[in-house]
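J.: Listed below are the residues making up each chain.
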Amino acid sequence: MNFLALFVLIPLLMMAGLFLSKEMKMIRTVAVIGSTLQLILAVAVLILFLQERAAGNTAEMLFTIDNPIVWYAPLDIALAVGVDGVSVAMLLLTAIVVFAGVFASWKINPLPKEFFLWLTLLSIGVYGFFISINLFTMFMFYEIALIPMYLLIGVWGSGNKNYSAMKLTLMLMGGSALLLVSILGLYFYSAPEGGELTMNILEIARNNAIPHEVQTYLFPLAFVGFGVLGAMFPFHTWSPDGHASAPTAVSMLHAGVLMKLGGYGCFRVAMYLMPWATSELSWIFLILTGISVVYGAFSACVQTDLKYINAYSSVSHCGLVLFALLMWKTTAMTGAILQMLSHGLMTALFFALIGMIYGRTHTRDIREMGGLMKIMPFLSVCYVIAGMASLGLPGLSGFIAEMTVFVGSFEWTDPFRRVLTIVACTSIVITAVYILRVVGKLLYGTVQNEHHRELTDASWWERLSAITLIVSVAALGMAPGWIANLISNSMSVISERIMQYI
Amino acid sequence: MDFSNFLWMRDELSLLAVILILFLYDTFGSDKSRRAFSTVACILLAAQTAFMLIPATAGEAFGGMYHTSPAINIVKIVLNIGTLLVLIQAIPWVKTADVVIRRGEFFILTLMTLFGMYLMISSGNFLLFFIGLETASLPLTALVAIEKYKQNSYEAAAKYVFVALFSSSLLLMGLSFIYGAVGTLYYHDIALAIGNVTKSIAGSPLLYVGIVLFLAGMGFKISIVPFHLWTADVYQGAPTSITAYLSVISKGAAAFALMVILFKTFAPVAIVWQYVLWGLIVITITVGNLFAVRQKNLKRFMAFSSISQAGYILLGVIAGSATGMTSLIYYVLVYIFSNLAVFGIISVVENATGKVNIDDYNGLYRTNPRLSVAMMLALFSLAGIPPFAGFFSKFFIFFAAAEQGFYVLVFIALLNTVISLYYYLLVVKAMFIKQDDCAIPALKSDTASRINITICVIGVLVIGLLSCIYTAIDAHAFGM
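These protein sequences, in sequence, are chains A and B. Just so you know, we're using numbering that gives the first Met the number 0 here: the first sequence kicks off at 0 and counts up by one. Just so you know, we're using numbering that gives the first Met the number 0 here: the second sequence kicks off at 0 and counts up by one.
There may be inaccurate statements among the hints.
Pairs of lysine to any residue residues, derived as SDA-like cross-links and limited to a Cα-Cα distance of at most 20 Å, are as follows [claimed, not checked]:
1) A:LYS112 <-> B:VAL372
2) A:LYS112 <-> B:PRO368
3) B:LYS263 <-> B:PRO368
4) B:LYS433 <-> A:GLN302
5) A:LYS166 <-> B:TYR421
6) A:LYS106 <-> A:LYS440
7) A:LYS166 <-> B:VAL292
8) A:LYS112 <-> B:LYS428
9) B:LYS433 <-> A:GLY158
10) A:LYS112 <-> B:SER175
11) B:LYS433 <-> B:PRO368
12) A:LYS373 <-> A:LEU454
13) A:LYS21 <-> B:PRO368
14) B:LYS428 <-> B:VAL355
15) A:LYS166 <-> B:ILE418
16) B:LYS149 <-> B:ASP97
17) B:LYS433 <-> A:TRP459
18) B:LYS263 <-> B:ILE200
19) A:LYS106 <-> A:GLY16
20) A:LYS440 <-> A:GLN302
21) A:LYS106 <-> A:TRP459
Computed footprint of chain B on chain A; a stretch qualifies when at least three of its residues, placed anywhere within it, have a C-beta under 8 Å from a C-beta of chain B [unchecked claim]:
22) 67 to 74
23) 141 to 151
24) 178 to 184
From the derived model, a few chain A residues whose C-beta atoms are all more than 10 Å from chain B [to be verified]:
25) ASN161
26) PHE187
27) LYS440
Please keep in mind that the hints were generated in silico from the structure rather than gathered at the bench. Virtual Cβ for every residue (Gly too), placed ideally from N, Cα, C.
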């Protein structure tokens, strides 16, 4: 067995441990140990990966198994795993967010055991998705990640939770229905006439045998299928409701990591395997994602609920991820992955902070709060940092990501892409509007409710959660070079595949 | 006469032996000794299942009237497993005062219908097929009405018998048309005659009408829309164990028989029945799902859910390939475990409190966490959520249909899974999310139900992850 399988095994063991634990203390211990092990594992994989690359191993995917364990032989389903630069980065992101999420839900109530069990199942889906290179297992893990959301939001959520939970689950399942058709199609056309069919992504790419007219049908199915999870306009409507109703750790994990599954799937399955259709059809999706970027930002401006503001801002930022991917120049695609990482960390931080503030003030309406800087300085400072990262202050992750995206997009000289890029650029300004509005009102304004003066600042677990994320955001912002190299090596493969069809 | 012919019928003969033993036991056993009747029946059936696990070889008897093959053998084993689970589930119910005097009848009649299904899937001639079909449906009427002091049960039986008679007459008419067109009732000869270009039977309208009437007749048995109208009422009125049996075993057997006949006999005119089936699948899945959304009573709810599941099963039929056949058997196997788990829980709750509405399950997780989790797993499996078995069976059946190029059909079916997820989640929501001050109190279920539910849940969890089950079925799924 390959050591990448540990990404699934550790959470599985963690679930077993949680299942057996009786009291809160035990549950927390198991959760902390498990998530720390995952973090260590993710860092170890990163180091090993860099060593392999430094040693001159230029294979597209590393740590693959030569003879993968065949699971369903008649259907060519094998437990094939492998990682490239992007997957390694995504695994690390997941581990960080899970780690922070465990501390953010330190006092979860009621049914803490069930909460952590579902949360861990969710993380199994995410890890499994990022390490798989077999279409079937990828799809399976994708679906595993979807279903715990229903109960997590339904049981532990707030507000209009029944509606949101159902909407989110059904829309994402609808997306996966599209996806399954395209996966079946990809399989049956994966080899030239008479060749051996395969579910392995690398082999499908190597065969490159999918007929063009088939690609025109399958590409939109796959792209929209993953695009639903990536909150692409007009399929984004689950995201604001879902994120607003979800409990803190779930919003963190969902906005931070799960939405990245959408972007990751878009380029790994749709674009990588169907390069011809990508070059032909990407204009449609460029328009749609362009709308996401601007529309999400404008919507965020008029919201008054902190979580809704952040959820719409996620729509805008995740739209930018897909937008940059569809520009398929290496620089732009690298920017897309950087944006995924940056948005993942930053939005997790936002949701963690909002959860902490909401836990104290019991309101998320910015009109009912003010002057929190004096009352809870630690949380407020963290909030300012998250806001600065979001609007792209140099030195934090958001700047690096957006810079790369827009520079990459500007490499195109045709008017269509130029105009779209400029339109998307305006989102930077709009982001500044809604971020600064919240910061001004919430943190520096006058105290709206006298009871708020008695509130306390963050406890140690909340501090730990926030600091973990802030350190990661800053690290990505200060030293982006090595991780950008890591990513761009992997992205250039995909970019070149598509470029040959222009 | 060559008696060695009978050796091919080892499955039927062994089942007949079980039935006879039970009959004699019930007739001549003393009251005291008959207390163990239920247990003995289950053990005998289990032993017979074990006997059938001895690998079978393909062969035919009585001049092609009767067929057997490893694939057919596997189907019989699957049906046996399902029946066994239903019998175990029924043990606490047959102890109730009204039913206990008819305990013998319950077990013997159930096994008689199983015997009929054996004949149905093994036949090589439409006459034997019809006899099997009738043997499988008539005793069920008596079973549906077994609680004779309950009006619902009575009414359901009346509906069932009328529908069964009507569908049988349609089927017979179809068969006579086919006989008129082709001049024989042997599957093999029909296939040869239709395939023969010089005879030009393949274009005969008489044959098409025959096939359509035959499909309609089978449609009643499998409860395909628009022949489904009896389903909800009968499911609601019948005792829960019988409902479980109806929804899983008799449906699975009929679907498999349909597949064998369509593929073996009418393969040369596949283009005709594939179109008909295509339309039937679409409306079956959609109508079943849409009606299930509005149900309040869990048994009616499961009735419509099982109608839409029948649509998914037919995806394997329409594929008509070795993969389709494997997927169909596998789907039925998984469906048996998932559906029987749900019915097991319904009957536990119903026996203890008499409640069968979805709203009665509000807040069940707080009072009966184990039952709720089992129910949730089974429902997720029915909805096709990984890592439960239902995901794999759905994937494989879509795979089989897509392999034959039915992408649009697969797409429609997939969109329907979203609707089905919605209503399955409604039950999950009732149990886990909704709160109720007068939720069903903590139940103490008896050993038999506990064993039954445990086996079903283990099946739901494990069947998908163990690929050897699929591979084992796949190894035999050719040459029907």
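J.: Each of the hints needs a verdict: does it hold here or not?
T.: Status of the hints after comparison with the structure:
| no. | hint | verdict |
| --- | --- | --- |
| 1 | A:LYS112 <-> B:VAL372 | holds (14 Å) |
| 2 | A:LYS112 <-> B:PRO368 | holds (13 Å) |
| 3 | B:LYS263 <-> B:PRO368 | violated (48 Å) |
| 4 | B:LYS433 <-> A:GLN302 | violated (29 Å) |
| 5 | A:LYS166 <-> B:TYR421 | holds (9 Å) |
| 6 | A:LYS106 <-> A:LYS440 | violated (28 Å) |
| 7 | A:LYS166 <-> B:VAL292 | holds (15 Å) |
| 8 | A:LYS112 <-> B:LYS428 | holds (19 Å) |
| 9 | B:LYS433 <-> A:GLY158 | holds (14 Å) |
| 10 | A:LYS112 <-> B:SER175 | violated (64 Å) |
| 11 | B:LYS433 <-> B:PRO368 | holds (14 Å) |
| 12 | A:LYS373 <-> A:LEU454 | holds (10 Å) |
| 13 | A:LYS21 <-> B:PRO368 | holds (15 Å) |
| 14 | B:LYS428 <-> B:VAL355 | holds (16 Å) |
| 15 | A:LYS166 <-> B:ILE418 | holds (12 Å) |
| 16 | B:LYS149 <-> B:ASP97 | holds (10 Å) |
| 17 | B:LYS433 <-> A:TRP459 | violated (34 Å) |
| 18 | B:LYS263 <-> B:ILE200 | holds (16 Å) |
| 19 | A:LYS106 <-> A:GLY16 | holds (19 Å) |
| 20 | A:LYS440 <-> A:GLN302 | holds (13 Å) |
| 21 | A:LYS106 <-> A:TRP459 | holds (12 Å) |
| 22 | 67 to 74 | holds (count 5) |
| 23 | 141 to 151 | holds (count 5) |
| 24 | 178 to 184 | holds (count 4) |
| 25 | ASN161 | violated (7 Å) |
| 26 | PHE187 | violated (6 Å) |
| 27 | LYS440 | holds (34 Å) |
The structure fails hints 3, 4, 6, 10, 17, 25 and 26 (numbered hints given earlier, in ascending order).
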